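Participant: Below, each chain spelled out in residue letters.
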Amino acid sequence: MAPVGPRSGDAIFANVERVNAELFTLTYGATVRQLLTDLEEVEEVNKQLDQMGYNMGIRLIDEFLAKSNVSRCVDFKETAEVIAKVTHKLGSPFRPDNASVQVGFKMFLGVTASVTNWDVDGTSCSIILEDNPLVDFVELPDTCQGLYYCNILSGVIRGALEMVSMKTEVTWIRDVLRGDDAYELQVKLVKQLPEEYPYKDDE
Amino acid sequence: MIGVGKIKQYSNVLDKPLSKGKQEVSLSAFAFLFSELVQYNQTQVDNIAELERRLEDAGYAVGARVLELLCHRDKGNRRETRLLGILSFVHSTVWKVLFGKVADSLEKGTEHEDEYMISEKELLVNRFISIPKDMGTFNCGAFVAGIVRGVLDSAGFPAVVTAHFVPVEGQQRPRTTILIKFAEEVLLTFNPFIIANCILILDSPSAKGITHSLGFMS
Chain A
1 MAPVGPRSGD AIFANVERVN AELFTLTYGA TVRQLLTDLE EVEEVNKQLD
51 QMGYNMGIRL IDEFLAKSNV SRCVDFKETA EVIAKVTHKL GSPFRPDNAS
101 VQVGFKMFLG VTASVTNWDV DGTSCSIILE DNPLVDFVEL PDTCQGLYYC
151 NILSGVIRGA LEMVSMKTEV TWIRDVLRGD DAYELQVKLV KQLPEEYPYK
201 DDE
Chain B
1001 MIGVGKIKQY SNVLDKPLSK GKQEVSLSAF AFLFSELVQY NQTQVDNIAE
1051 LERRLEDAGY AVGARVLELL CHRDKGNRRE TRLLGILSFV HSTVWKVLFG
1101 KVADSLEKGT EHEDEYMISE KELLVNRFIS IPKDMGTFNC GAFVAGIVRG
1151 VLDSAGFPAV VTAHFVPVEG QQRPRTTILI KFAEEVLLTF NPFIIANCIL
1201 ILDSPSAKGI THSLGFMS
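Protein sequences appear in the order of chains A and B. According to the numbering used here, the first sequence is numbered sequentially starting from 1. According to the numbering used here, the second sequence is numbered sequentially starting from 1001.
Isolated chain A (complex conformation):
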């Protein structure tokens, strides 16, 4: 039986159960507000959001792999594409159909992300989000200027990639809430971890 090819993000999104984005947005807002009240320090809140995102990412990856049928990504370059979007029709110049990060964003948040700014070694890239359901209705007050409101996303990517043996560092380059024109995340591969087996070879 021929293996099924990877599904496009749109197709998966059409098949999963969906909820109103506003419920999601407002719940996220309530979470950030609770964190700000409890922790008070903006840096602490950033760290906590990242941690929450990490916890989400390590679980989310299972669902992602199950639903999207992507084959094992050979290297980091393929992975980033897959996280962002399938660019079938557009005939992406350097990548075939596998698309990881892009499919992920489409399937969970319903938004299209794009992957650019590859560096020479192919170990770092930028994921750009034009539209972000987390930040509808949000404005950062003056007291919270250091807050990375969407930091949960960086945690999610970091967590998910760690579960597929890639240790990464994810940082925000551009953030609309701070005055830029789009959301840009830089994903840098720090280390490819060897696959760990729960049993010893010599037993």
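Certain hints may be false.
To be verified - Just so you have them, the derived chain A footprint on chain B, three or more residues with Cβ under 8 Å:
id, segment
1, 1037-1048
2, 1062-1069
3, 1074-1087
4, 1096-1105
Note that these hints are calculated values from the structure, not bench results. Computed from a predicted model, the values in this text were never measured in an experiment. The C-beta atom is built at its ideal place from N, Cα and C for all residues, glycine as well.
Here the structure of chain A is known, so what remains is to put chain B in place on it, guided by the hints.
Facilitator: Here is chain B on its own, set in the frame of chain A:
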């Protein structure tokens, strides 16, 4: 390909046009987020009552904003001022927007005049949550109870709202009931919220005479 045109930048979030409310995210994204919210709160409290209170407070904030959003966008800036009106608003409009369907039922309590119940076979937020035995009657529906309390409170109908599991025969998972107990002042025949607003408008020396003769002490 990065977006065809740059999205228009608004200097102020208030100038940005309101979306139509049709955008969706996957249920699992919401479920993961909600589970993180509950897990985070579990680390911040010592007992179940406090956990429920914190979830309710989170929901309260959501409810207040949902009311503003829906009244402005769907109801043309009109808000219900009567009890049954606001209850049916919560039961149908709010539920439809947030959870994609109207609530299963809205009932009036038989024992007390001031109690109403909204029931749901399975609350969306509880779908992927299981409660361990040692947490007793804890219900994550406290978040939804908070949303309802937020809507009612911001609309001028203060109430105490709680979520309860009600076992149903023949069904494995119990039904969830949101119990709304209105504060005393809501059930008086006139709505004091409206009267209070009138007094604010009439606050001048000549008006004081009118309000005095109507029997309200200033």
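Participant: A separate judgement is required for each hint: does it hold in the structure or not?
Facilitator: Structure-based check of each hint:
1. 1037-1048: holds (count 5)
2. 1062-1069: This one holds; 4 residues, not fewer than the three required, reach chain A with a Cβ under 8 Å.
3. 1074-1087: Per the Cβ count (0), the hint is violated.
4. 1096-1105: Contact hint for the segment 1096-1105 of chain B vs chain A: holds, 4 residues under 8 Å.
In summary, the one numbered hint that this structure violates is 3.
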